[in-house]
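Position chains B and C relative to chain A; hints supplied.
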Amino acid sequence: MSKQYWKDYQSAVADDNYYYERSCIRQSFFTGSEEIFLKIVKDILKKDIVDDMNLHTCSGIGYYSGVVPLDTTMTVVARLFALMTEAGYKNFVPSCITSFGLVNEMVDMWHHFPEKLEEIKGYLKEATGKDFKMPENIAHPCDIIYKNRKALKDKMKYSLTNVRTGKPLKVVEHIGCHYAKIFPRHVKGGAEFPQVLVGMIEEWGGEVVDYPERRHCCGFGFSQYLVLANRGYSAANSKKKFESMQPFKPDFILTNCPGCNMFMDRWQYTIAETEGITYDDEKRGIPVLTYEELTGLLLGYNPWDLGLQVHQVQVEPLLEKMGIEYNPKDKYVGKTGKQLTEPEKPMNLKV
Amino acid sequence: MNCGVCTAICPAAEFYDYDPRDICNVLMSKDEEKIEDLLKGDKIWHCGQCLSCKTRCPRGNVPGLLVSLLREVSIRVGLFTESEEGRRQYAIKKTLGENIINSGYCVHVMHVKPHLHPEQGPVWKWYFDNAEEVADRQGGNYNKEGSGALRKINDVNLKDLRKIFEVTGGKDFYDHIDKLSKVKAVQLKKNITDNIDDNEYFYHVYRDKSQKQ
Amino acid sequence: MKKTDVIIIGGGPAGIEAAYDLARNDVQVFLFEKEDELFGHMNIAATLFPNFQDASEIRSLLLQKTKHNNIKIFKNTGVAKVHKDDKDWHVQTEKGEEYTAKAVLLASGFKTFDAKYKEELGYGIYKGVITSVEFEEMYKEGKILTPYEKKPQRIAFLNCVGSRDEKVGNHYCSRVCCINAVKLSIEAKKLLPDVEAYCFYMDIRMSGQFYEELYRKSQEDYNVNYIRGRISEVSPTIDNRLQIKCEDTLSQTPLKMSVDLLVLMIGIEASEGTSMIAKQVGINGEYSFAKSLSLHSADNKTKNEGFFLAGTCKRPLTMPETMADARAAALEIGYYLKGVPE
Chain A
101 MSKQYWKDYQ SAVADDNYYY ERSCIRQSFF TGSEEIFLKI VKDILKKDIV
151 DDMNLHTCSG IGYYSGVVPL DTTMTVVARL FALMTEAGYK NFVPSCITSF
201 GLVNEMVDMW HHFPEKLEEI KGYLKEATGK DFKMPENIAH PCDIIYKNRK
251 ALKDKMKYSL TNVRTGKPLK VVEHIGCHYA KIFPRHVKGG AEFPQVLVGM
301 IEEWGGEVVD YPERRHCCGF GFSQYLVLAN RGYSAANSKK KFESMQPFKP
351 DFILTNCPGC NMFMDRWQYT IAETEGITYD DEKRGIPVLT YEELTGLLLG
401 YNPWDLGLQV HQVQVEPLLE KMGIEYNPKD KYVGKTGKQL TEPEKPMNLK
451 V
Chain B
7 MNCGVCTAIC PAAEFYDYDP RDICNVLMSK DEEKIEDLLK GDKIWHCGQC
57 LSCKTRCPRG NVPGLLVSLL REVSIRVGLF TESEEGRRQY AIKKTLGENI
107 INSGYCVHVM HVKPHLHPEQ GPVWKWYFDN AEEVADRQGG NYNKEGSGAL
157 RKINDVNLKD LRKIFEVTGG KDFYDHIDKL SKVKAVQLKK NITDNIDDNE
207 YFYHVYRDKS QKQ
Chain C
87 MKKTDVIIIG GGPAGIEAAY DLARNDVQVF LFEKEDELFG HMNIAATLFP
137 NFQDASEIRS LLLQKTKHNN IKIFKNTGVA KVHKDDKDWH VQTEKGEEYT
187 AKAVLLASGF KTFDAKYKEE LGYGIYKGVI TSVEFEEMYK EGKILTPYEK
237 KPQRIAFLNC VGSRDEKVGN HYCSRVCCIN AVKLSIEAKK LLPDVEAYCF
287 YMDIRMSGQF YEELYRKSQE DYNVNYIRGR ISEVSPTIDN RLQIKCEDTL
337 SQTPLKMSVD LLVLMIGIEA SEGTSMIAKQ VGINGEYSFA KSLSLHSADN
387 KTKNEGFFLA GTCKRPLTMP ETMADARAAA LEIGYYLKGV PE
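Chains as they are written, first to last, in my numbering: chain A, 101 to 451; chain B, 7 to 219; chain C, 87 to 428.
Bound conformation, chain A alone:
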């Protein structure tokens, strides 16, 4: 490996004609995020992006948890590429960070071991009758938002400013491990100073907070979270991050990985309920937003259409800080217009 300055690492992001792969976790925990991303790309950025109903999981979580063997995962990924090829697209855009890391890892392995690629082609043909081509570009949706952040800023109604004080909001940005750590040289800023969320925050008026455990994993740990017995590991890692960021008093946390977003939201609840500790001054927790939710909010979309009601750490204090209007009566309304009964309130975490 030769020397290269981290500032020179670049992510290659295609301009248009995106083939979107949905994320199991993002769909489940942040349903609105995927929808707003598609809307932004189609209606605002006026690009072509396709949401193919034939797609399924990439099996990445199964692979990293050690229950799905390598050959199987590779062939599953190959099917995704085959569907993309059949749909006439070349630019693969996985919504999930695990998926992003996984497909890059698989493509890299096939590059170094062409005989493996032939083997997988054989499996895919045998199982499904399909052939596949490698994508020309693999970019994460956050890279697409980053690339267009200036164009989006022009359309934004709000900015990352505290309307009461006039000062920029302080934002902790958290990057999913599988985004930057697997191939740091293919990510702008590398694994140490990834720029994708920093760029969004700074462009949209906020201030990035650096703190000692910035690069630390949120603690998902795949097999560690999936079994109840080991969930303490997952919580402990997030707790480490919260303790580290607390003195800097961030206004919210921004993530690009849906798993990280979910964990950093839920572990604040768990820690509040089991230990009585919260990491902000008002016992309400630090809101955790996906970059899609943030983009949507700043563009003026209804927070409850974006799915912010599904967050355990309530976002209203943040919305008020930003001067964003919201209708509390609309929060728990369903698709059919039905007013649903509200969720129970936790004992300690203020809702």
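Just so you know, not all the hints are guaranteed correct.
Derived pair list, reagent style BS3-like, types lysine-lysine, alpha-carbon separation capped at 27 angstroms [claimed, not checked]:
| id | chain 1 | residue 1 | chain 2 | residue 2 |
| --- | --- | --- | --- | --- |
| 1 | B | Lys-60 | A | Lys-103 |
| 2 | B | Lys-60 | A | Lys-107 |
| 3 | A | Lys-339 | B | Lys-131 |
| 4 | C | Lys-377 | C | Lys-173 |
| 5 | A | Lys-103 | A | Lys-147 |
| 6 | A | Lys-103 | C | Lys-120 |
| 7 | A | Lys-267 | A | Lys-147 |
| 8 | B | Lys-119 | A | Lys-233 |
| 9 | A | Lys-438 | B | Lys-158 |
| 10 | B | Lys-165 | A | Lys-230 |
| 11 | C | Lys-377 | C | Lys-342 |
| 12 | C | Lys-202 | A | Lys-107 |
| 13 | A | Lys-340 | C | Lys-377 |
| 14 | C | Lys-342 | A | Lys-270 |
| 15 | B | Lys-150 | A | Lys-230 |
| 16 | A | Lys-438 | B | Lys-150 |
| 17 | B | Lys-177 | A | Lys-216 |
| 18 | B | Lys-60 | C | Lys-202 |
| 19 | A | Lys-142 | B | Lys-177 |
| 20 | C | Lys-275 | C | Lys-229 |
| 21 | A | Lys-103 | C | Lys-275 |
| 22 | A | Lys-267 | C | Lys-197 |
| 23 | A | Lys-225 | B | Lys-119 |
| 24 | A | Lys-431 | B | Lys-150 |
| 25 | A | Lys-339 | B | Lys-60 |
| 26 | C | Lys-342 | A | Lys-339 |
| 27 | B | Lys-60 | C | Lys-342 |
| 28 | C | Lys-213 | A | Lys-103 |
| 29 | A | Lys-340 | B | Lys-60 |
| 30 | B | Lys-60 | A | Lys-435 |
| 31 | A | Lys-216 | B | Lys-119 |
| 32 | B | Lys-177 | A | Lys-221 |
| 33 | B | Lys-150 | A | Lys-139 |
| 34 | C | Lys-229 | A | Lys-107 |
| 35 | A | Lys-146 | A | Lys-225 |
| 36 | C | Lys-229 | C | Lys-167 |
| 37 | A | Lys-190 | B | Lys-169 |
| 38 | A | Lys-216 | B | Lys-131 |
Since the hints were made in silico from the structure, they are not lab data.
Chains B and C alone, transformed into the frame defined by chain A:
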């Protein structure tokens, strides 16, 4: 080189009796007995696959991926049931693993049952209980045909996915985990069934943690 | 007069020592130095390991040597091109002037590793992360202070920055950083007896005479602490210190601590001049260092007749090794000029 930059930033090394540097040492030693101990022990199951180790190693090693390999070997040669942590793979297979084949999702709202996930909180329970209304409000297509978030993945695609598992040995791997877990369940005198709900062995490997850690 | 016996490229210790030995053997020498000052990296040192020899005394000695009648010094004269015709070597300076000599000695030395390539250590990003060169300069001024002008409570020294590291393309060991770190830690304790000094290492390579004794002295007399683990990352803390993470590999646990100053022991690389000229004359070796004809039996000669090497343009070396190498080069060149057979 034993420099320790991997262990320095390993989240698992902080919270568990786990040292990625040491795992690499054992592998380098080619000492079959020590390697067998690894395959039989808890250590290799502590890694969280964050791959922070990959970014730093001055020799270009990746302890995290080596651990993945050891896990697959441990399962294939049947040693995973010898350790408390290794046995938990059964729980993962029964939940996540079967989700993949049954629904085409690793994780879907309907799988994250609040009683199995109390840490998800009351708002999650509310979402789970009102899934279609809340998901579709956000633009989803909850468990219905067609495209959209949380849609039902149709049988054509599920058929392909299941065939892939058969052809590549994924299904065999799953069955292997089941088979060996059944043997272990008998040894531990715990009831084991094909589903989850009345499966004593499942709840044991999913929930119970002995004090030694 | 543009013609001489020997042109020496580089006015550091190797170049000067070789020039002097040639000069007192009746050889005419032109010495080209691209900077305004002679002595190269010797200018940085306050003291030399392992015996804390005063570096300025060595510089004075070298200065005296440059005054020999047979040596003509050209400062601010970088070399742009070197080539040979049938008979002689021709050296063109950056200013465009051409000089001729029967033999050329490359003594163009080294440069230090640019620590910005290890961004996880925060050099150039977080205040308080400095290089060994910058630390020595602080010591020379007699002032070791944190970036906030306070007395540091804890200083950490990290070995192998830019060396033994595939990630930056330098697999090799830079030879001098281990002993230098021991020296710097003692310097820190001499100036600030109450400061806590920690050296983070993978190995303590005490491979010279009196090195091991100095290492022991640093522990017994100066209470320097040694931790076997390479620092993996540096982060800023709320109280303006630096948080470092490593593994204490001897006790097999991850370790985290806050320090006020982190001194990076940056490695040795081939200088720009070395790599450029070595490439021009076809003797560029591994990592762009200049390659000698034979490591064990002809280490000052090259495959080019009349082209010789001395000093750290070949590899990382200590001062005594450099000086000895320069004298050997002078001897070899002397034989060449006189036509003495092998």
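Comparing the hints with the structure gives:
Of the supplied pair hints, the one linking Lys-60/B and Lys-103/A holds, its CA atoms being roughly 17 angstroms apart against a limit of 27 angstroms. Between Lys-60/B and Lys-107/A the CA atoms are separated by roughly 19 angstroms; this keeps the pair inside 27 angstroms, and the hint holds. For the given pair, Lys-339/A sits about 23 angstroms from Lys-131/B by alpha-carbon distance, which is consistent with the 27 angstroms threshold. A distance of roughly 23 angstroms separates the Cα atoms of Lys-377/C and Lys-173/C; the hinted pair therefore holds under the 27 angstroms criterion.
For the hint linking Lys-103/A to Lys-147/A, the alpha-carbon distance of about 36 angstroms lies beyond 27 angstroms, and the restraint is violated. The straight-line distance between the Cα atoms of Lys-103/A and Lys-120/C is roughly 26 angstroms, inside the 27 angstroms bound, and the hint therefore holds. In summary, the hint linking Lys-267/A to Lys-147/A is not supported, as the alpha carbons are separated by about 34 angstroms, beyond the 27 angstroms threshold. Taken as a hint, the Lys-119/B and Lys-233/A pair is broken in the structure, with Cα atoms around 38 angstroms apart against an allowance of 27 angstroms.
For the proposed pair Lys-438/A and Lys-158/B, the alpha carbon gap of about 23 angstroms is at most 27 angstroms, so the pair holds. The suggested pairing of Lys-165/B with Lys-230/A holds, with an alpha-carbon distance near 13 angstroms, which does not exceed 27 angstroms. The hinted pair formed by Lys-377/C and Lys-342/C fails the criterion: a straight-line CA distance of about 42 angstroms is larger than 27 angstroms. Our distance criterion of 27 angstroms between C-alpha atoms is met by Lys-202/C and Lys-107/A, whose separation comes to about 10 angstroms.
Straight-line distance between C-alpha atoms of Lys-340/A and Lys-377/C comes to about 51 angstroms, which puts the hinted pair past the 27 angstroms bound. Between Lys-342/C and Lys-270/A, the direct Cα distance comes to roughly 26 angstroms. Compliance with the 27 angstroms bound is thereby established for this hinted pair. With a C-alpha separation of about 26 angstroms, the suggested pair Lys-150/B and Lys-230/A falls inside the 27 angstroms cut-off, and the hint holds. Restraint check: the Cα-Cα separation between Lys-438/A and Lys-150/B comes to about 19 angstroms, which is no more than 27 angstroms; the hinted pair holds.
A threshold of 27 angstroms between alpha carbons decides the hint, and for Lys-177/B with Lys-216/A the separation of about 20 angstroms falls inside it, so the pair holds. Restraint check for Lys-60/B and Lys-202/C: satisfied, since their Cα atoms lie roughly 20 angstroms apart, inside the 27 angstroms limit. At most 27 angstroms may separate the alpha-carbon atoms for a hinted pair to count; Lys-142/A and Lys-177/B exceed this at roughly 39 angstroms. Using a Cα cut-off of 27 angstroms, the hinted pair Lys-275/C and Lys-229/C holds, with the two alpha carbons roughly 12 angstroms apart.
Of the supplied pair hints, the one linking Lys-103/A and Lys-275/C is violated, its CA atoms being roughly 34 angstroms apart against a limit of 27 angstroms. Of the supplied pair hints, the one linking Lys-267/A and Lys-197/C is violated, its CA atoms being roughly 45 angstroms apart against a limit of 27 angstroms. Between Lys-225/A and Lys-119/B the CA atoms are separated by roughly 36 angstroms; this puts the pair beyond 27 angstroms, and the hint is violated. Pair hint Lys-431/A plus Lys-150/B holds up; C-alpha atoms about 24 angstroms apart against a cutoff of 27 angstroms.
As the CA atoms of Lys-339/A and Lys-60/B are separated by approximately 24 angstroms, the hinted pair is consistent with the 27 angstroms bound. Restraint check: the Cα-Cα separation between Lys-342/C and Lys-339/A comes to about 16 angstroms, which is no more than 27 angstroms; the hinted pair holds. Distance hint between Lys-60/B and Lys-342/C is fulfilled; the C-alpha atoms sit about 20 angstroms from each other, no more than 27 angstroms. At most 27 angstroms may separate the alpha-carbon atoms for a hinted pair to count; Lys-213/C and Lys-103/A meet this at roughly 23 angstroms.
Restraint check for Lys-340/A and Lys-60/B: satisfied, since their Cα atoms lie roughly 21 angstroms apart, inside the 27 angstroms limit. Proposed proximity of Lys-60/B and Lys-435/A is contradicted: the alpha carbons are some 45 angstroms apart, above 27 angstroms. For the given pair, Lys-216/A sits about 38 angstroms from Lys-119/B by alpha-carbon distance, which is inconsistent with the 27 angstroms threshold. For the given pair, Lys-177/B sits about 19 angstroms from Lys-221/A by alpha-carbon distance, which is consistent with the 27 angstroms threshold.
Of the pairs offered as hints, the one joining Lys-150/B and Lys-139/A holds, with about 21 angstroms between alpha carbons and a cut-off of 27 angstroms not exceeded. Between Lys-229/C and Lys-107/A, the direct Cα distance comes to roughly 33 angstroms. Violation of the 27 angstroms bound is thereby established for this hinted pair. The hinted pair formed by Lys-146/A and Lys-225/A fails the criterion: a straight-line CA distance of about 36 angstroms is larger than 27 angstroms. For a cut-off of 27 angstroms, the pair hint linking Lys-229/C to Lys-167/C is broken: about 42 angstroms separates their Cα positions.
Between Lys-190/A and Lys-169/B, the direct Cα distance comes to roughly 25 angstroms. Compliance with the 27 angstroms bound is thereby established for this hinted pair. Proposed proximity of Lys-216/A and Lys-131/B is contradicted: the alpha carbons are some 44 angstroms apart, above 27 angstroms.
When the structure is compared with the earlier hints, violations turn up for hints 5, 7, 8, 11, 13, 19, 21, 22, 23, 30, 31, 34, 35, 36 and 38 and for no others.
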